Structures are given as C-alpha cells and as structure tokens.
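Novice: So the sequences go chain by chain: H and A.
If you count the first sequence from 1, position 47 lands on 47 in my numbering, and the numbers rise without skipping.
If you count the second sequence from 1, position 63 lands on 63 in my numbering, and the numbers rise without skipping.
Be a bit skeptical, because a hint or two may be false.
Taking beta-carbon pairs under 7 Å as the criterion, some of the chain H residues facing chain A (in silico) [unchecked claim]:
(1) Glu41
(2) Gly42
(3) Pro43
(4) Leu45
(5) Met95
(6) Arg96
(7) Phe97
(8) Ala99
(9) Gly100
The hints are simulated quantities; they were obtained by calculation from the structure and are not laboratory data.
Owing to the predicted nature of the structure, the values given are computational and were not obtained by experimental measurement.
For glycine and all other residues, C-beta sits at the position ideal for the given N, C-alpha and C.
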Amino acid sequence: TQLLEQSPQFLSIQEGENLTVYCNSSSVFSSLQWYRQEPGEGPVLLVTVVTGGEVKKLKRLTFQFGDARKDSSLHITAAQPGDTGLYLCAGVADMRFGAGTRLTVKP
Amino acid sequence: KAGVTQTPRYLIKTRGQQVTLSCSPISGHRSVSWYQQTPGQGLQFLFEYFSETQRNKGNFPGRFSGRQFSNSRSEMNVSTLELGDSALYLCASSLSGRQGRGELFFGEGSRLTVL
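Chain H on its own, in the form it takes in the complex:
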C-alpha cells in the first residue's frame, strides 16, 4: 500500500499571496489525483496527472507531477478566500488518500 505524505498540514495566508502544497509517496504513482474538500461537503476532483513531468493548469491552480512520478505539487497564484478548503492527493491505483493540507485564505 502506497504511503502518501502531504505538507504542510495547515496553511493560513492572506488573500493575494501565492502558495505551494506537496504530496510525496514512498513509491511510484501510476497516476495521481488532487481533490478539494470544502466544509460540510465531500471531496471534489480537481485534476488527474498521469505522465512524469506533466504540468496541468486550472485557472490559478498549477499542478505538477514529478519526473519520477513519486511526488506532486499544487501551486495557487493570488489565492482567494474561495480557495479555502482541504486539499487532498490520492493515488489512483489503490484509491488511497493523503491526510491533506488545510488551507485558509483570509480576506
């Protein structure tokens, strides 16, 4: 079973700041997904990355998959209060999730 570590565990920033959160694995991902969970709701898929070195952009969010497919990062540019939530990475093959990064963006 793949062990997924996410960092930081908590992050509190001001509106307009940039941030990066990380997801690391003890072994190679076949593919990886990022989800965001808002209070009182279930997680919602943001992106799936499959190829080593892949970069995907979703508006102000940039996702990168490491060349060796053992790590991934999520970068948010000019964070907004609406970005507040729990960001989770998941290994697609075994359906396991990391513990998440809880992001708070203050207006």
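Based on the hints, put chain A in the right spot on chain H.
Specialist: Just chain A now, kept in the frame of chain H:
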C-alpha cells in the same frame, strides 16, 4: 443528474451499538467505495465494491463490513461501536470498471458520533 446520496447525514449512537449507513451512487456507476474521515487520520480507505463484489479492502477490523446490491446501492455496517469510530463516513461512486481508475464522486457523508 443526481449526485451520490448518503443517509443518514447525522447520527448519534452509544458504545456497543451497531450502525448501518446507506449510499446511493450516481446512476450508471457500478463502483462504490467507502472512506472514514477523522481530523487526525485524514481519509482512510475502508472498502470498494463493484458489481456486488468486494474487490478492495482497507486495514480496518472485522467490525466494519459492507455490501452492495444489484442496483449498485451500498451499505456499510459497524458493529460494537467504539468511541474511536466517531467520524465522517464518505461514500464515493465511480463509473470506471477498472479497479482504482477514474474520478471518484463523493457524497456529503454521514457524520457518526459515538457516546
């Protein structure tokens, strides 16, 4: 298109009791998986069902069990409840027929409190 529906949304039980949670997947989705979410442990995988068969199981004790019906609806049961079972239980459905592939669509969860 209706999303994943979980019932009940909230429930309170006492130690030693048992509980059954229900999940109705998105129409056409045959894979249903269950997760336990707690502040300290994050999202922990319980099990996955596909076409009424459990095809993947997490590292939980035998007190946690589940099943899936022919209409893809799923239930999970926890017997002999312990205080540590207090958590948000999330159900997710997926269209993909291949284990662990595709997007997971989550319900809003069932929040269980054990007193």
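Novice: Hint by hint, which ones does this structure get wrong, listed from lowest number up?
Specialist: Result: no hint breaks.
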